[in-house]
Amino acid sequence: MTLNLDSKVPEGPMADKWSSYVADQKLVNPSNKRKFKIIVVGTGLAGASAAASFGELGYEVESFTFHDSPRRAHSIAAQGGINAAKNYQGDGDSIHRLFYDTVKGGDFRSREANVHRLAEVSVDIIDQMVAQGVPFAREYGGLLDNRSFGGAQVSRTFYARGQTGQQLLLGAYQQLSRQIGLGNVKLWNRIEMVDVVNIDGRCAGIVTRDLMTGEVRSHAAHAVVLATGGYGNAFYLSTNAMACNATAAWRAHRRGAGFANPSYTQIHPTCIPQADEFQSKLTLMSESLRNDGRIWVPKDPDETRKAADVPEDERDYYLERIYPSFGNLAPRDVSSRAAKRAVDAGQGVGPLKNGVYLDFADAINRLGVNVIKERYGNLFDMYERITGENPYEMPMRIYPASHYTMGGLWVDYELQTTIPGLFAAGEANFSDHGANRLGASALMQGLSDGYFVLPYTIAPYLSELLNKPIPDETHEAFAAAEEEARDRYQGYLEIGGTKTPDHFHRELGKIIWDYCGMDRSQVGLEKALAEIPALHEEFKKDLRVTGDGASLNQTLEKAARVDDFFELGILMCKDALIREESCGGHFRSEHQTDEGEAMRNDDDFAHVTAWEWSGDPSNPIENREPLVYEVVEFATRSYK
Amino acid sequence: MSHTLTNITLKIWRQDGPDGQGRFETHQIPQISDEASFLEMLDILNERLIEEGREAIVFDHDCREGICGTCSLMIDGQAHGPQQGAATCQLHMRTFSSGDEIVIEPWRATAFPIIKDLMVSRAPLDRIVESGGFITAPTGGAPDANLIPIPKPVSDAAMDNAACIGCGACVAACPNGAASLFTSAKLTHLNLLPQGQAERYKRAEAMVETMEDHFGSCTNHGECSSACPKEISIDAIAIMNTDYRKSKTKNRRALSRR
Chain A
98 MTLNLDSKVP EGPMADKWSS YVADQKLVNP SNKRKFKIIV VGTGLAGASA AASFGELGYE
158 VESFTFHDSP RRAHSIAAQG GINAAKNYQG DGDSIHRLFY DTVKGGDFRS REANVHRLAE
218 VSVDIIDQMV AQGVPFAREY GGLLDNRSFG GAQVSRTFYA RGQTGQQLLL GAYQQLSRQI
278 GLGNVKLWNR IEMVDVVNID GRCAGIVTRD LMTGEVRSHA AHAVVLATGG YGNAFYLSTN
338 AMACNATAAW RAHRRGAGFA NPSYTQIHPT CIPQADEFQS KLTLMSESLR NDGRIWVPKD
398 PDETRKAADV PEDERDYYLE RIYPSFGNLA PRDVSSRAAK RAVDAGQGVG PLKNGVYLDF
458 ADAINRLGVN VIKERYGNLF DMYERITGEN PYEMPMRIYP ASHYTMGGLW VDYELQTTIP
518 GLFAAGEANF SDHGANRLGA SALMQGLSDG YFVLPYTIAP YLSELLNKPI PDETHEAFAA
578 AEEEARDRYQ GYLEIGGTKT PDHFHRELGK IIWDYCGMDR SQVGLEKALA EIPALHEEFK
638 KDLRVTGDGA SLNQTLEKAA RVDDFFELGI LMCKDALIRE ESCGGHFRSE HQTDEGEAMR
698 NDDDFAHVTA WEWSGDPSNP IENREPLVYE VVEFATRSYK
Chain B
22 MSHTLTNITL KIWRQDGPDG QGRFETHQIP QISDEASFLE MLDILNERLI EEGREAIVFD
82 HDCREGICGT CSLMIDGQAH GPQQGAATCQ LHMRTFSSGD EIVIEPWRAT AFPIIKDLMV
142 SRAPLDRIVE SGGFITAPTG GAPDANLIPI PKPVSDAAMD NAACIGCGAC VAACPNGAAS
202 LFTSAKLTHL NLLPQGQAER YKRAEAMVET MEDHFGSCTN HGECSSACPK EISIDAIAIM
262 NTDYRKSKTK NRRALSRR
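As given, the protein sequences belong to chains A and B, one line each in that order. So the number in the numbering used here is just where the residue sits in the first sequence, counting from 1, plus 97. So the number in the numbering used here is just where the residue sits in the second sequence, counting from 1, plus 21.
It is worth saying that the hints were derived from the structure and are not from the lab. Since the structure is predicted, the reported quantities are computational estimates derived from the model, not experimental observations. Note that CB positions come from ideal geometry on N, CA and C, so glycine has one too. Careful: at least some of the hints might be erroneous.
Unchecked claim - Derived lysine-lysine pairs resembling DSS-like cross-links, with alpha carbons at most 25 Å apart:
#1 A:Lys437 to A:Lys450
#2 A:Lys624 to A:Lys607
#3 A:Lys470 to B:Lys173
#4 A:Lys565 to A:Lys134
#5 A:Lys437 to A:Lys403
#6 B:Lys223 to A:Lys283
#7 A:Lys132 to A:Lys565
#8 B:Lys251 to A:Lys470
#9 A:Lys607 to A:Lys596
What the hints assert, rightly or not - Label-pair restraints from in silico Cβ distances:
#10 A:Gly474 to B:Thr157: 34 to 40 Å
#11 A:Gly474 to B:Gly98: 26 to 32 Å
#12 B:Val124 to A:Tyr237: 47 to 53 Å
Stated by the list, open to error - Facing chain A, according to a computed beta carbon distance under 8 Å, are these residues of chain B, among others:
#13 Glu56
#14 Arg75
#15 Asp81
#16 Ile88
#17 Cys89
#18 Asp147
#19 Val150
#20 Gly154
Put together the whole structure using the sequences plus the hints.
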C-alpha cells in the first residue's frame, strides 16, 4: 500500500464538520486569485458549475469539452429530479434524514462526512438554481412542487417535467456562458483530454487532442479538476450517451490517481430491452413509472399468448410477491436482480424473451386513461416511438441496463485525488453514493461538488502555491507526455487489422455484462479476467482504424476510448473478485441469504478499495481506506 | 414484431473538410430491421465502410434519446427527418419503406460551416447565450427558493421555451438561416420569470444583436417551429420582438453611452 488515503475529514461532531472546515480553511486573497490558473475538464453539472464559480471568484479558468458545446454533456439526459432536504412539504424531512437515507441507500459503503456535507448543501442548490431561472415544477399557489422518489419516505425531489437534468445543466451552462462572455473563462470545445502531467509530485496540467485537427498539445495550470463523468459505457450497452468514456479518469489513474470501488456500478431496472444485435444504446424509462405500473412475467416459460390474454392466476407479479411492503417500488438494485432472475428462468417476454412486463392495465382501469396520460404521457410516447408498441394497449417491456457508476477516482474530503493538485468531481469521483446510488441524488452531487464544495476546498491547495513559479508547457514532462499521446494515436492507425473499434467494444461489453453485471461469482469473474486480456491482445493486433490522425476521425477517437475500457474492465472484475460480500450494486452469488438477498460483510469489507496503477493492468495494487461510522449504525437493508 | 426493410438507397453528403468540395455518395442498404434507429443504420453502414477499408461517415450524435441536441441531419430535405416533434436520433426505420431512396445532408446555413461530411459547427448559438442568455446569479447568497412564488402557468410557459435543445434545426429549416426561434426561446424562458426581470431588456438587446451578427433575418415563415424537435411555438419570436423594441427605449443607459 503506497497511496496516501488520508481522507482529511475534519474533527468535531458530524453536523459541524463542514461549517468548521469552511471557517478554518486558508483563503486566497481576491487580488491574488487571478494569479492562479485552474483547468476544468468536462462541462456537465459538476464541471460547468465549478468552472462558472471559479470564474466568478476571479481565478483564471480554462474549461474543456469534447463536445461542440458545453450544453451537450450527458447530465442533460437525467429525467427524474434532484433531492434536497428543504422539508417544504412539512413531512418530516431534514438534513439528517437525507444524510441517513443516502448512507443506508449506499449500503453503508460511503464516507459519512462527505454524505453529510452533501445533505447540508442540498438546500443551497435549490436556492441557487431557482435564482438562475430553472423552471422547477410548481403548485398552483406558486410554490415549488415535490414528489417522492426511489423509495424515500418523504417528498424531497424537485423536478422540471421529465427533464430535470436538462434544466439544471442549462442553468449551469448559462452561468458558465456568462463567465465565458465576460472573459473570465476560456472555453476549449471539441478538445479531448488524453493525459495528465505530474511534475515534482503535483499535477502540472493536461495534454489534449484537438478532435478537428488531431493536434496534441499541453496546458499547464496550478490545479486541474476532472469532471468527466462515469464509466457505464464499459458495458457497451448502457443508458449513457455514445461518447461517454473513462479516458480522462483512466489516464489520471495511470499517472498515479487511485481508482476507488470500480465494481460499484448501478444497473437501472426500467430500461427498454435490447431489440437486436446492432443496438447502439439503451433508453431509460423513468423510475416514476413504477408508481403505477405492475411488474410481472408469465408463470409458464413457454407462454405464447399476448399479455392481455394471460389469465391473472398464470402471472407472477414477482416484486409484489417477494417484497410485499415495497412491492413494485423496491430499490433499483433489488428490482434489477429480480428481473434478471425471472428472465434467466426463461420467463422473459418479448420477441427475444429478454424483458419483463410493466403493466398499466390496472392503473388505467382504476384511474382512467386520462390520468395516466397526464402523469406519464411523454414517457408513453417515447416508449412507442422506440418500440412501435402502444403502452396504453399492451404492457411495456423493460429490462435492467447499466446506468450510473458509483466507483471512480478516489478523492479525500477536499475532492482531491491521490495526485496533489488533481481534483475530481461529480460521477467521476467515488465519494458520496457508496455501493448504490439513490434516485435523484446524482444531480445533487454534481452540483454540490461544483458550486458549493470545490470553490472552498481548492483554495487551501492553491494558497500554498502563491508566488511560486510553476512549470509551463515547455517543460520536458509535457513534451514527453505529448509524444506518448501522439504515438498512441498513431499506433491505432498503424495496426491495420480487420475489426472495427465498435466490434471490440461490443465483445468487451458482453464479457463485462455477463460476468461483472448484476450477478457476479468467483468462477465468472475469473473467466472474465482471462477473456478480457485475451480480447485486448486481439484488439492490439487486429484493430482497423481507417482515415488519418490529422483531421476529424471519429473511428480513431473511439479506438482510444475502447482501449482504456479494456484496462478499466479488468480492474472492475478484480475489484468485484476480491470484494467477498454483496453490497448495493455489487452482488456476489456466493454471498446471499437463503432467500437470495444480498449479504454484506461489515467485519471484513467496511472499507473503500482504492486501486493503484502498477504498470500492468492485470496486477493492480490494492489500497484500503477504512470506513469509520461515527453516527450511523450498520443495519441490514430490508424491503420485505 | 420486427420486420425487415430491403433495398434502401442512401444518398449521403461527403465533404473532406470546411474548404473541401462536397459531393453525394450513394450507398445501398440491402436489408435493415425496422427496429433499427436511423442512426443505427448509419452505424451499420460505417462498420461496413471501415471493414472495406474506407473512411466512416462523420456525423454528430450523442445521447440518442432526443435531449442533448447534438444530432443534426437534413433527411429528404427536412431537418431531423419526417417525424414531427422528434430529433434525428429518435427516428426509426419503421418510418420508411422498402425500396426508399433517402437523401442525407448536413444542416445547411451560412452560420453553420461544415466541418466534415454531415457535421457542422453551431458555435454562434453559444455566442448568443454568452451575450445575455442567463440570469446573473453568482454562486452563494441566493434567497430561499420559495421566497418568490411563481404562478404555475408562468412557470409552465417558461418551461415550454426552456425545453429547447439547441440543435439548430430551426436555423437549418429557415429559408433565411435565421436563429430567431432559438434566441427567442431562451429569451422567453428567462424574460417570463420574476427572477429574469432585472436584466430583461438588457438581455433582449444583447441577444438579438449578437444573433444578428451571425444569422439571417426572420420573415415569419414558421418553418423553424415545425422543424423543432421540441415543438417550441413561434409565439416566442413575437415576445422577443416586443422586448427588443422596448429595449431601445428602456435601456436608456446603453443608449446614452453611444
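Of all the hints given earlier, name the ones this structure violates by number, lowest first.
none
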